[in-house]
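Q: Taking the hints into account, I'd like the entire structure generated from these sequences.
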Amino acid sequence: MRLAIPLALLVVLSQACGPDAQAVRPGPPQPAYGGRATIHLEALPKTLNYALETSAVTRRILYELNETLLTEDWNTLELVPNLCASFEVENPTSFVFHLRPGIVWHDGDPFDAHDVVFSALLYRNPKVNCDAKRAQYKRIVEISAPDPLTVRVRYDKPFFRALGSVGDMPILPAHLYEKPGASEDEQAEFINRNPHNHDWVGLGPYKLVSWDGDRIVAKRFDKYFAPERGGYLDELDWLYVKDDAAAFQALLNGEIDLFGRLSTEDYFGSATSSELFREKFFKAWAPSGAYGFVAWNLRRPRLQDVRVRRALAMAFDFEAFKKSVYRGLAVQMTGHGAPEGDFYDRKLAPLPFDPDGAKKLLAEAGWTDHDGNGRLDKDGEEFAIEVLSNSGNAVSETMLVAMQNDWSRIGVVLKPLLLDFNSAKERATKREFDGYLTGWALPTESDPEPTFHSKNASGPTQNFPGLADPEVDRLIEEGQVTLDRATRVLVWRELQHRLYELQPYLWGFSPPRKFAYSQKLHGVEFVRPDPNYVARRWYLPAGTQGTREKR
Amino acid sequence: MAELRTVLQCWRRRPLFWAALALVCALHALGAAAPLVANDAPLWLAAPGGARFPALEPLNACERFVLLLAPWILCTPLWAASSWRTRIGFGWPAFALVLALVWQLSAGARTFVPAGEWKRQLGAQSALFAPIPFGHSETNSSEPWRPPTWLAASEIDEQGHYVERNVMGHPGGLELPPSPVEVRAGEPARNAALRHPLGTDALGRDLAARVVWGARNSLAVGLASALFALVLGTLLGSLAGWRGARTDLVVSRAIELVLCFPVLFLVLLVVSVGSGGVSAVWTISGVLGLTGWTGVARLLRAEFLRLREAEFVLAARGLGFSEWRIVLRHALPNALAPVIVATSFFAGTAMLAESAISYLGAGLVEPEASLGGLVRGGTEHAWMVIFPGAVLALAVIAWNLLGEELRDLNDPRIPGRRA
Amino acid sequence: MNALLEVRGLSVSHARGARRFFAVEELDFDLAPGEVLAIVGESGCGKSTLLASIPRLFADAQSRIDSGSVRLAGRELVGLSEDELRPLRGAAIGFVFQDAHAALNPVLKVGAQVEEGLRAGGASTLELLAQAGLPDPARIAASYPHQLSGGMRQRALVALALAGRPQLLLADEPTSALDPVLGREILELLTGACRRQGMGLLLVTHDIGLALRHARRVAVMYAGRIVELAPAAELGARPRHPYTAALLAADPARTPRGKRFAAIPGAAPAPLERGAGCAFAPRCALARERCRIERPALVEGSACFFPDEVRP
Amino acid sequence: MAAYLRRRLAWLLPSFLGITLVVFLAVHLAPGDPALRESFDPDAGSADAADIERFRAEHLLDRPLAVQYLHFLGPFDLSPRGHRWFGGSGEHAFGGLLALDLGSEIHRPHVRIVDELGRRLAVTAPLTLAAALLAWGIAIPLGAWSAVRRGQKRERALALGLFALHSLPGFWLALLLVLAFGAAGLGWLPVLGLHSAGAEDLGWFEWLLDLLLHSILPVLALALGSLAYLTRQVRASMLEVLAQEYVITARSKGLSERVVIGRHALRNALLPAITLAALILPALVGGSVIVETIFGLPGMGRYAYEALLERDYAVIQAVTALSALVTLLALLAADVLYALADPRIRHG
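Chains as they are written, first to last, in my numbering: chain B, 6 to 556; chain U, 205 to 623; chain H, 2 to 313; chain S, 14 to 361.
Bear in mind the hints are in silico, worked out from the structure with no lab data behind them. The beta carbon of each residue, even a glycine, is placed where N, CA and C say it ideally should be.
Per label pair, the in silico range of CB-to-CB distance: (1) A231(B) x E362(U): 54 to 60 Å; (2) G131(S) x E482(B): 48 to 54 Å; (3) S44(H) x A541(U): 27 to 33 Å.
A: If you want it as structure tokens, here you go:
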């Protein structure tokens, strides 16, 4: 069912397209079973139990080790049955799933409706560490299993992502996680400290064999319920390498077969145009659905005036930055959402780069250079903005310096505050910043409520600006209950226009995810949804599998 | 001329020592005079109302004092070796005072001028630029990641394409056509060999300027933490060595406490808390000093324990000198030699520690430049790794060599080494 | 007469920085088997250098023998290579050092250090320690140098020197670090061993009284040269060099009670300032014009132009 | 000797507790809060205030610092599941440092810290030991040789070479090694991790060979740093010993130069080196963040640093307690070893 997405959709993004196959490869050899591939991880998952962990790395690994009720069709991006044979939408708030018979867990235990019900109910136990997902699944009012192969779910009120969130819900093996007759606390303890969070037992085409230190090894699961898409490779490894430069060296060395954090500089630069690279590797990119932004703290008086926020956006030379840092390979964002999805209006033009216009706007807002020292000031106070960010990301550091230079031309001083990840997050949560440079990684369609709705304006929420705009609230609530996809697209686009006009964020860029992978891998396609590749369709042509290349 | 002979004679006797001292002083002078060495604002500008010094105007009093120290530091080897000491001794302060007076007159209202702005507004006025005409934060989006310009691979034609295709060009045509290189007033020509002798970084900032200002910060950290460790170590070391067993016990336990403390953690703690007003250079020096004093303290304690029973100290007590007088006039000078040796070694170690911390992203990070931080920025490009690392190694070698020579100089036990 | 040791025209120089200087110049003397020759002189006159040059055991690697010959039992030592000379050390030439505390290895037991020097067929370690007058040799052998008293350490050093049953014994001020009583015992031990085993003993000391008491012949050195060489009795009774007379006058042990002993005015010239003429001239009461120009050679045991005018 | 030892041991415990207290205070007073964990889930929204409070309560982060420290120290478990005397359910009465129960990590409750420490030590300890042996194995002969040959041309060249080596920044050295021997350079050596993919199904010999190949560069990076320093230390103390009289006495016994240097000079020269050798112990436990990051080794250095970034208080305190204990023991061992080796002190 997983077909490669037509390249047309990608072309719209920029002039050229898809993977750059330097050498024209002879027709793909016949897929053959066997062989191994190693995939690079930029972070080590805390646990493989996706109910307790939210990191992108865990999600990527579980694509191969676990299955969900529904899955996103790579082509039409619609939800198609996966663990369930079929499903009915009785009314906007209740759904019935008919499970496929004969599905077994990796340890041979049969999969049935009870697993699904148990996986949904654990969010009601306050002591389980699934805080990030609790809000989403608390909306489920009732879930029941009339017989071992049917599950009935009912929501409190119509919600556009209802079907999606149930379909995407991580399914836990109840026979390993349920402690019969345990109290709520004991059950939570049993889940939080369950050894299977590390030695995961799932339903996917590959089952976990070993995980010590930085290397996770999975082998093909022979009793997978859909053998035709059960993966050709015998073994899939994931290897965690913290330092990107070291990982790239390991790729060249043959110790890694797919590296997903190629920098723009390396993608276009000498690293990937050397002889060694061209002969043995390919490079490619795919839309990442992630974008960077500076969130303005609307509680700070000087940033409450929308003219000031627009002026700051107009003073930053996005085009020059896009050309020097991204070499043109990035989308300048004009709203929240994944730029390739159809919920995002790509025709909304960004604010023009106009320093003089910006100065005029700031003057209107009362900021002029009264004492002639080259810096804008108002009522004796200089216009200085402290932008917080975490020091791990090289691109965000570069963007801060570029912003500092561009704004100094209109007399605005930017004081960068680069802290380690946790300190930065704590200050962001306590809203101790003027601007907060960070980013989102979003699926095709996401619920804007936690990020922009006024009820999340205060408290440790994702609504960093503390935006409280009735028009935005109305649009969000309307979109949430619009089940029809086409009308919902129009609602989200109207929301995007409204948000861009309010400028709670200085919207940055959405660079694509850039890959380098070994030519020995065949069947490698790059698709829209995270993680952008389908490891189970990779294969090594017969005769090259068993050979352990001499390192 | 007789003075010159004594200086040369002194240098010939201990060549390695004077070479090390000269290298250390030259590096620190370069760091102190960074505004004059690498600056985008012109040093001198012929203005209608009289000459202006745009490069020096934005400096505050403390930066100006450091700048004034530069010539004095540079001549330390000359000054220390010659019997001109008295003449040179008086000469320099006078010269510095004159310079300060002239300067004070010329300082206009300190207007804040954005990086590169002077070059844009220069127009026809004649101006003198620093040897490296680039500011440490002056970006040039038209030449990011440019290899050192003395390499053939770094040649760029008018449209901005690299002449040698394979270095930067991209067959897929995916990349936007680069804009032509923007050569601003006062800068060498586009393909001049010395335009970017060490290349540029992601934002087109000249690496040579970044290295000069990075060296300024790294050297400042090295020196400051060494002095901090010296003062703290001498204080606690002498207390432990001289006073009774009780203080000795307390100080030894404090030493053990510091030895067990994870240094990296303290730096992370302080940098994330203290990075408000004070620049990270001083917070890191403070931390390295706080954890580095144990070496000096242990050394001094051993020396003092030995000296406490030395005959001349008993004799001095016999003459009724006060305890403090004995310590200051007799014990300390004797113990000072090994302490100074340990301090110069620690200066090198502190710089290595700072660079390691900055490399991990916890110490001096953007936009402040530090030799360790620079390497972190471009591990995939040879010139971004080699040049900052080489300058750092050179500075550390200078300090260690100075320490080694100082040790041999003062070590009576090695026969025939008396200066 | 088959002399045990013949030294002819021996000159040895040391290096300080780039310049070299002569510590001893043209020394001539002989030593018969079983004979004890004392070498007396102020510190810095080159007596220790003389002793060290025989087995070539210089502390500083840059010192060397510039000229002259040293023949031990007829065999020339100066030209020998390091490998040829090494077997003679310990076996033919024994060395007794001044400060036993520094001369013994602090981390090795005394017995082990003596054993190192033993030659096959010789006396065992315990016998040697007993011969050196040490009570309970077994305990001494098993203990470390710092556990022994000064006297016992010196006796251990003597035992160590005698371990190889050498023909020639060189003793560099063996008793100056000890009190007089212990010193006398050590010296009697040394001279007794020489007589019994027919060894020659070169005894270096700064105490002329001690030299006269224990040695058959005495050589007086001044500024790197031998200024007088004569049998002990003769030298004591009628010194034929003003420096020897001055030394005798300055010896507290020989001055009758109540009489002030005379100190020698001035100081010995530093090695670099030894100009022409007799080195003692500036401090010599009998000095004349000739003494300042011409350097007196060692004639009939005295290197002075007016040996007879010397008043004891 | 025994009295000295007793006094030092008596002071060991208070020092150790003092250190754990200081680290505890520094950790809790530092900015950053473990409750604010990884990135928010982009789809579902953020943990709301109630969840964060529950997380803090579960790890006693909302209790006063003194209670938290006593809970960490033990022997009583003061959490809701802890000892009855302190209002706990009695289910897990004893815990904490003094009960040798380090508990489990804050962010990975299913991982017991003791097990993770074991895994991390299994990576760091052998590498550091190999590096130490390599460094000492070269430093002693090299130091002795350069002391004996002091002043000759070759020796001066070696001295300058060691100088440069000692002054190179650790990360720079590691990066250069990777560039030189990694795929981009000569391509002789693997640069990542301790095993290549699929190593577990190799024969034990290939497995061992694969391990050795992978550990050459890290060991080299670790050893080169300390090699230069150790060689100069041995050279300095050797020079000091060669100036002693007992070396001349040894020569006067006609012993060969090798015996004089080997038996007499070196034995005395290595005395101070013992204290340095004892300092290898903390390094065995501490590991090196730089080398482990660049070569991708899951060692102790990275474990502490990553816990630091995520403010995993349980792990930070466990790791610093372990390294503090080992450092204190090392310092004590250094003095004891020195006394045993030097008869002047042993037989006082």
